[in-house]
Amino acid sequence: MRPMRVTVNGETREIDAGSSVAEVVALLTSAPSGVAVALNGEVVSRGAWERTPLASGDRVDVLTAVQGG
Amino acid sequence: MSLPPLVEPAAELTVDEVRRYSRHLIIPDVGMDGQKRLKNAKVLVVGAGGLGSPALLYLAAAGVGTLGIIDFDVVDESNLQRQIIHGQSDIDRPKAESARDSIRETNPNVEVVLHTERLDSGNAFEIFEPYDLIVDGTDNFATRYLVNDAAVLLGKPYVWGSIYRFDGQASVFWAEHGPCYRCLYPEPPPPGMVPSCAEGGVLGVLCASIGSIQVNEAIKLLAGFGEPLVGRLMIYDALEMSYRSVKVRKDPECPLCGKNPTITELIDYEAFCGTVSDEAQAAALGSTITPLELKEKIDRGDDFVLVDVREPNEYEIVRIPGSVLIPKGEFLNGEALSKLPQDRQVVLHCKSGGRSAEALAVLKGAGFADAVHVGGGVLGWIKQVDPSLPAY
Numbered sequence: 001m002r003p004m005r006v007t008v009n010g011e012t013r014e015i016d017a018g019s020s021v022a023e024v025v026a027l028l029t030s031a032p033s034g035v036a037v038a039l040n041g042e043v044v045s046r047g048a049w050e051r052t053p054l055a056s057g058d059r060v061d062v063l064t065a066v067q068g069g
Numbered sequence: 001m002s003l004p005p006l007v008e009p010a011a012e013l014t015v016d017e018v019r020r021y022s023r024h025l026i027i028p029d030v031g032m033d034g035q036k037r038l039k040n041a042k043v044l045v046v047g048a049g050g051l052g053s054p055a056l057l058y059l060a061a062a063g064v065g066t067l068g069i070i071d072f073d074v075v076d077e078s079n080l081q082r083q084i085i086h087g088q089s090d091i092d093r094p095k096a097e098s099a100r101d102s103i104r105e106t107n108p109n110v111e112v113v114l115h116t117e118r119l120d121s122g123n124a125f126e127i128f129e130p131y132d133l134i135v136d137g138t139d140n141f142a143t144r145y146l147v148n149d150a151a152v153l154l155g156k157p158y159v160w161g162s163i164y165r166f167d168g169q170a171s172v173f174w175a176e177h178g179p180c181y182r183c184l185y186p187e188p189p190p191p192g193m194v195p196s197c198a199e200g201g202v203l204g205v206l207c208a209s210i211g212s213i214q215v216n217e218a219i220k221l222l223a224g225f226g227e228p229l230v231g232r233l234m235i236y237d238a239l240e241m242s243y244r245s246v247k248v249r250k251d252p253e254c255p256l257c258g259k260n261p262t263i264t265e266l267i268d269y270e271a272f273c274g275t276v277s278d279e280a281q282a283a284a285l286g287s288t289i290t291p292l293e294l295k296e297k298i299d300r301g302d303d304f305v306l307v308d309v310r311e312p313n314e315y316e317i318v319r320i321p322g323s324v325l326i327p328k329g330e331f332l333n334g335e336a337l338s339k340l341p342q343d344r345q346v347v348l349h350c351k352s353g354g355r356s357a358e359a360l361a362v363l364k365g366a367g368f369a370d371a372v373h374v375g376g377g378v379l380g381w382i383k384q385v386d387p388s389l390p391a392y
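Chains as they are written, first to last, in UniProt numbering: chain A, 1 to 69; chain B, 1 to 392.
These aren't lab readings, by the way, just hints derived from the structure by calculation. Some hints could be false.
A partial selection of chain B residues facing chain A, derived with a Cβ cut-off under 10 Å [said to hold, decoys possible]:
# : residue
1 : F125
2 : N140
3 : Q384
Simulated restraints on C-beta separations [as the list claims (entries may be wrong)]:
#  : chain 1 : residue 1 : chain 2 : residue 2 : range
4  : A       : G10       : B       : E316      : 40 to 50 Å
5  : B       : E8        : A       : D16       : 55 to 65 Å
6  : A       : G10       : B       : E111      : 43 to 53 Å
7  : A       : G41       : B       : G226      : 12 to 22 Å
8  : B       : E227      : A       : E50       : 46 to 56 Å
9  : A       : A55       : B       : D237      : 22 to 32 Å
10 : B       : E129      : A       : G41       : 31 to 41 Å
11 : B       : G200      : A       : N9        : 14 to 24 Å
Bear in mind that the values here come from a model prediction, so they are computed numbers and not experimental data. Just so you know, even glycine gets a beta-carbon here, dropped at the ideal spot from N, CA and C.
Model the full structure from these sequences, guided by the hints.
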């Protein structure tokens, strides 16, 4: 697989071309529940992670739910 | 996307009210009409804690006519670093009553309704029903999903906010016009994965940063001006000092507000969120000792190693004499196992017993059959054995 560059939580990372949102999340955490992902400023709903591929230059934000109040 | 006002205007403002709200009235977007709508508004704030404190004070000052407060807790000294609606003389008083007294001083025109019971699936509909809008300032995932589900099922908008250390998030969830909390986070993190503020701490002023966003949005929705935070998630980073927002769409597959909902009534939220994982509960069963039993073991000179699984900064605040520190994370990644003796009993403890149960599950799985943990943790030790130590 050719690598491509994306920005994940502000840091540039090289990942396999054609990687999905789900695959990038798996790089960061083993427990995807309680996690939301924004791709280029828009949240990708949990059910669409596997079928949403990334493109070179994409900006991915992986957010964690916090409970405090 | 602007939305129509949630509330019809009150008939009139009194002379006193015109004087009090003059700085609102001269803003064209608010004006007499907007202020009369606030006067007629009924807002429920869930939790009179970190977020609820600034939210209640600013909603009261703004002239929201009826404020409901739901909180079953009492004021603790450790609340005062951030929960500015309560003061020194309120320690041990019910938070709802303390908050009511502060609101009366801030704005006596506000009618305050107290709900001092614990919000649960059995009473949420009845409590929410009379209100136009709900502000969520709770401190745990179970209640957050309960607030979301009850608001969606009743068709009410709510302003959500959550905080941890230096990070805050806020949004408006209103299923009629946009996504709900489950569209963003369909399920909570695994139990023990994301610490609460009691476990991980919170910068006091962060409550004001996020609580004021919540009030800002509440006022806009009630009076019907501006761009509401519907379909957007605000993300605040106090260390970087940055605010950014991401778009959130309604998830057509959302189990609550999607096309084919599977959640059509309130569920058991403790079970859904699981405060302690099943593994930890199983490990702790029959392998939990009390702080007094730990004291007896120490006094008898039993041969065991006492391991504190909290974080280093917590260990610095207060510790049980003779304990060694190995944070819970080292149990989860396996590093702790090589640091522990195979031939002596291991006794684990944390702040109150949750994290040590998680670590105990790892130890049991690795063959430490006689390992136990201390129910109630160091807080229990302070209460039962050595009250001279500081609780935190």
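Hint check against the structure, violated hint numbers in rising order: 1, 3, 4, 8
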